[in-house]
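Asks: Read off the chains here:
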Amino acid sequence: MDPMMPPPVRRIALDRDPFIAPPKPIANGAAPTAVAARPRAVRAPAPIVRERMAVESVWLAYGENWVVRDVSLPVRQGEVLAMIGASGSGKTTLLRSLNRLTEVTAGAARAGRISLDGNDIHELEVNTLRRRVTMVFQQPNPFPMSIFDNVAYALAERPGRGGRRRRRSAKIESAVNDALQRAGLYDEVASDLDRSALRLSGGQQQRLCIARALAAEPEVLLLDEPCSALDPISTAIIEDLIVQLRESVAVVIVTHNLQQAFRVADHVAFMHLGELIEYGSSEQVFDRPKRDRTREYISGAFG
Amino acid sequence: MATGQLAPSPPPGLSIARTGREGTGSWPLVDRIAFWLCWITGIGLCVTAVAIVLFMMVKGISYLHLDMLVRSPAPSAIQSQSGGILDPIVGTLIVAAIGTAIAAPIGVALAAWLSEYRRPAWLAHAVESAIEIIAGAPSVVLALFGLLIFSQGFLGFLSQTAANGAVYGRSFIAAGVVMAVLALPLIVGSVREALEQLPDRLREASYALGRTRATTIRRVLLPSIRPSIATGTVLGMGRIIGDTAIIRILLGVSLTNQGVGHLPILGALRGTGSTLTSYVYENSPAGEGNAPQKAYAAAFLLLVLVLALNGLVTWLTNAGAGERRGPRTAFRLLRFSGAQE
Amino acid sequence: MTAGRIDRRVELTLGALAVAVLAMIAAMTATVIAKGWPSFSHNGLSWFGPGGDVDTQLRAMQEAKALPGHSLYYFRAWPLIWGTLVTTLAAVLIALVISTLAAIFLTEFAPPAMRRTLDPVIRLLAGVPSVIYGLIGILAIAPWINQHLLSNSRKASVSIVVQLNGANLTTATLILIVMILPIMVAISANALAAVPPAWREGSVALGVNRWRTIWRVSLRTARPAIIAATILATARALGEAVMLGMVSGGRGFAANPLDGITFLFEPVRPLAATIFQNSDGLTIPVLAHTIYAIGAVLLVSAAMLSLAGWAAKRQLGRYGIRA
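Chains as they are written, first to last, in the working numbering: chain A, 52 to 354; chain C, 892 to 1232; chain W, 32 to 354.
Simulated from the structure, these hints should not be mistaken for laboratory data. Hints are not guaranteed to be accurate.
Stated by the list, open to error - Restraint-style ranges between C-beta atoms, simulated for each label pair:
(1) Asn183/W - Asp958/C: 40 to 48 Å
(2) Ala57/W - Leu957/C: 31 to 39 Å
(3) Ile907/C - Arg342/A: 46 to 54 Å
(4) Ile284/A - Pro151/W: 46 to 54 Å
(5) Thr148/W - Ala1012/C: 22 to 30 Å
(6) Met145/W - Phe1045/C: 33 to 41 Å
(7) Arg254/W - Arg250/A: 13 to 21 Å
(8) Ala221/A - Ala1012/C: 34 to 42 Å
(9) Gln1149/C - Ala58/W: 54 to 62 Å
(10) Gly158/A - Pro288/W: 50 to 58 Å
(11) Ala65/W - Val938/C: 42 to 50 Å
Unchecked claim - If you want the footprint, here are the derived chain C segments under chain W, 3+ residues with CB under 8 Å:
(12) 942-956
(13) 998-1011
(14) 1023-1031
(15) 1092-1105
(16) 1133-1146
(17) 1161-1173
(18) 1198-1209
The structure displayed is predicted, hence computed values, not measured ones. Where a beta carbon is used, it is the ideal one built from N, C-alpha and C, also for glycine.
This is chain A alone, in the form it adopts within the complex:
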């Protein structure tokens, strides 16, 4: 091989029916749900799909640098929306603007309209909005408290639940258990909810963060590369979870991992350098991308 020749471009083979090996049983005895073993084609579509949030001609900037340019997207309950793109494409910024987390940075600017159930989110009270649209971050960040306190954290703040910490009130306790069930963590931690959350494994911590986000009973769940710091087994469990959750919450997931997007998403939005290049159902975007840029990204020409 001539050392001066550039290495060949790798093409990622995309099968129509990727087979995901069922995850092996976890050592501590909790068995993962079986859904992850099903190939994609068999997954039933969610019964009801209704629009929850609408992103309309949104521009976002940090300082003078416009990182999101004129993007419009719908966010629907009953489906998973995956935002894919290379680093710097603005997908994380757009995600964070959905719950106004971009405002934490001084000097951020925005134009356009984002609405939740028809109401402009910038006219809602910010903390109320963030309880209806919750976020899970890339690195699991459980608070230095017990598992119970972590999940109940947002609950104690909800107006009408008494404010003061009456953590063992039946209402909060059942809400916590409920959230842990939905996050698929209940069986593993039910024995001792007062354990420090920092002693859980990485995958468990991330599921705890998901439970914490779910405890507030949000309408939209935002996930910022939730599995990038996790091992494949935990990843499979969480992807599984995401697919199950889409019936009750609208899910938006940002991911670098194309295969993950393929596995979990119903609709895919491909962004590049701040612009929305393509938006469509996942079958369409992955199999018959309309734009050359999309095709290049999916086949691995850059990224």
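We have chain A; now place chains C and W onto it with these hints.
Replies: Structure of chains C and W alone, referenced to chain A:
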């Protein structure tokens, strides 16, 4: 779409909103009260600090005349008109010099031992506890102990001996030695911190070349942390010049420096005198009390000295090339520099 | 000489130095307690109790004339202990609240420019010698309090027992608060700034407002550091002799809380200040024993506090917070 055609900015006419930090309008009342309390205490702290510094500066500048810096305190019926503060200045310098001269080598050696050798383990823990105890001990108590030691007969050469054989026990030497004990924890803390932050590869490289641990410390480690040694020494100096209790107990309450005996330097060191701190105390209403103006002048000079040493520490900390400065170092610096007597 | 032998000798020398330092401190503790022992042995446990006027007792020792019915060593330190307790505890508790609020202000709410200027200011305040605080107190603050807060009627109401002036409990506590604030603020602010941003962001993203986030996450994480700072500040307040000697009132009087508001204006003299103000009397044997006894009490208390603070500091690494 080709790469070169991205729109650089939104079209004119589109309204752009810049964001600020989260407003408190929507918070519950309790939270808003807390927010305003925080602001009030913050501003209050600022105002207090500025008030103290400004007050001292105003008083000091109005009462400190340059000729006072070179004249000795003179006995006079109208204390406020005559005499200078040369003796207290000299006294402060002497005590600081003796104190740091003794404390620095011992402190560095102790820190090196604690960081590099640490055997036997019980001794290392005991020494660490002992240093913590000194750091927290009131300086009056250290002074009492010093007086006890220096009043012993065999140490009479370090101070005066009265006619009936009783050793006076008070002198510059005595004060300086006890001041060294006062400054020791600061030096040990600073040097030890720096040694522990040095990467192991420095030590490994030296051992790999066949050097002993002693040589490594002397030739490799200590030169790398020179700024920290300097910082610790300056911090110690700052603590020394700010202390009054040890001076009053171990140096007496005279306003001028009086030597003992005939030898020029040893005589002065064996004698008693004053430092800026004891001078301020004596001239305030708590002491002799008849020259508050002199007290203000000396206090201003003292404050300027402390400011200068503070600035030196800041400069040394920032100029510490190649050393990581984390929150831990700042903690230590402040933890020790805060206990002044 | 081989390299190994040199190393061994250096190690032994340094070890001997360490032993010497340790021995010196042990000797210090032992001798101070020993020199004060006669005072304890003559008075027993009631050394700590109430019983007469401290100043009278000290003067009796100075003049070598025993008080009627008592030995020359008769001493009841309760007024001094009470004065120490009141000033130290009041100052530390108030400073704890103020310093926590100020630290939160510094790390969370202050504009960056203000934060940058406040840092060196706080460090400067921490280094101001106590005699300067005492000077400001005795020349500026005490007279102001005497003029504006102390009415003549109040002075007259207790004039048979004690003279009220600007040097009193309140002045002493106020200045003590200002003295211990900088170090507490600095340590607390450091600890708050070291809280991992991921936790703060996670809390904000859950719809919890900034203050509640600070209260429930940041303060909780910084709690060990705040406790360590408080212990340190208590040790400092305990050992403060000079400033308190200048402004706390010069009389070993047990301020009486039953006096109501007047309680705030009564003179006190904490333990360390007593030593400082009676240091001329160290040549007189009985008085010297008594002073050393007071010193022993101070030393033991300060030592226990220091060790407690050191233990608290070592726990700071629990969540990886390096402070």
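Asks: Each hint: holds or not?
Replies: Here is how each hint holds up against the structure:
For Asn183/W and Asp958/C, the Cβ-Cβ distance of about 44 Å falls inside the hinted range of 40 to 48 Å, so the restraint holds. The supplied range of 31 to 39 Å is broken by Ala57/W and Leu957/C, whose beta-carbon atoms lie about 49 Å from each other. Between Ile907/C and Arg342/A the beta carbon distance is about 28 Å. The supplied range of 46 to 54 Å is therefore violated. Between Ile284/A and Pro151/W, the C-beta spacing of about 52 Å keeps the proposed range 46 to 54 Å intact.
Roughly 45 Å separates the CB atoms of Thr148/W and Ala1012/C, a value that falls outside the hinted 22 to 30 Å. The hint said 33 to 41 Å for the Cβ distance between Met145/W and Phe1045/C, and at roughly 58 Å that hint is violated. For the pair Arg254/W and Arg250/A, the supplied restraint of 13 to 21 Å holds, since their beta-carbon distance comes to about 19 Å. A C-beta distance of roughly 53 Å is found between Ala221/A and Ala1012/C, which places it outside the suggested range of 34 to 42 Å.
At roughly 31 Å, the beta-carbon separation of Gln1149/C and Ala58/W lies outside the given 54 to 62 Å, and the hint is violated. Checking the proposed 50 to 58 Å range against Gly158/A and Pro288/W shows it holds: the Cβ atoms sit about 54 Å from each other. At about 49 Å, the CB distance of Ala65/W to Val938/C agrees with the hint of 42 to 50 Å. Residue count for the region 942-956 of chain C with a Cβ under 8 Å from a Cβ of chain W: 4. That meets the three needed, and the coverage hint holds.
For the region 998-1011 of chain C, the assignment as covered by chain W holds, since 7 residues bring a beta-carbon within under 8 Å of that chain's beta-carbons and 3 suffice. For the region 1023-1031 of chain C, the proposed coverage by chain W is satisfied: 9 residues have a C-beta within less than 8 Å of a C-beta in that chain, meeting the threshold of three. As drawn, the region 1092-1105 of chain C meets chain W at 5 residues by the rule of a beta-carbon pair under 8 Å; at three or more, the given contact holds. Given as covered by chain W, the region 1133-1146 of chain C passes the check, having 7 residues with a CB less than 8 Å from a CB of that chain where 3 are the minimum.
With 3 residues having a beta carbon nearer than 8 Å to a beta carbon of chain W, the region 1161-1173 of chain C meets the requirement of three or more and the stated coverage holds. Look at the region 1198-1209 of chain C against chain W: 4 of its residues bring a Cβ nearer than 8 Å to a Cβ of that chain, three or more, so the hint holds.
The structure does not agree with the numbered hints 2, 3, 5, 6, 8, 9 stated previously, though it agrees with the rest.
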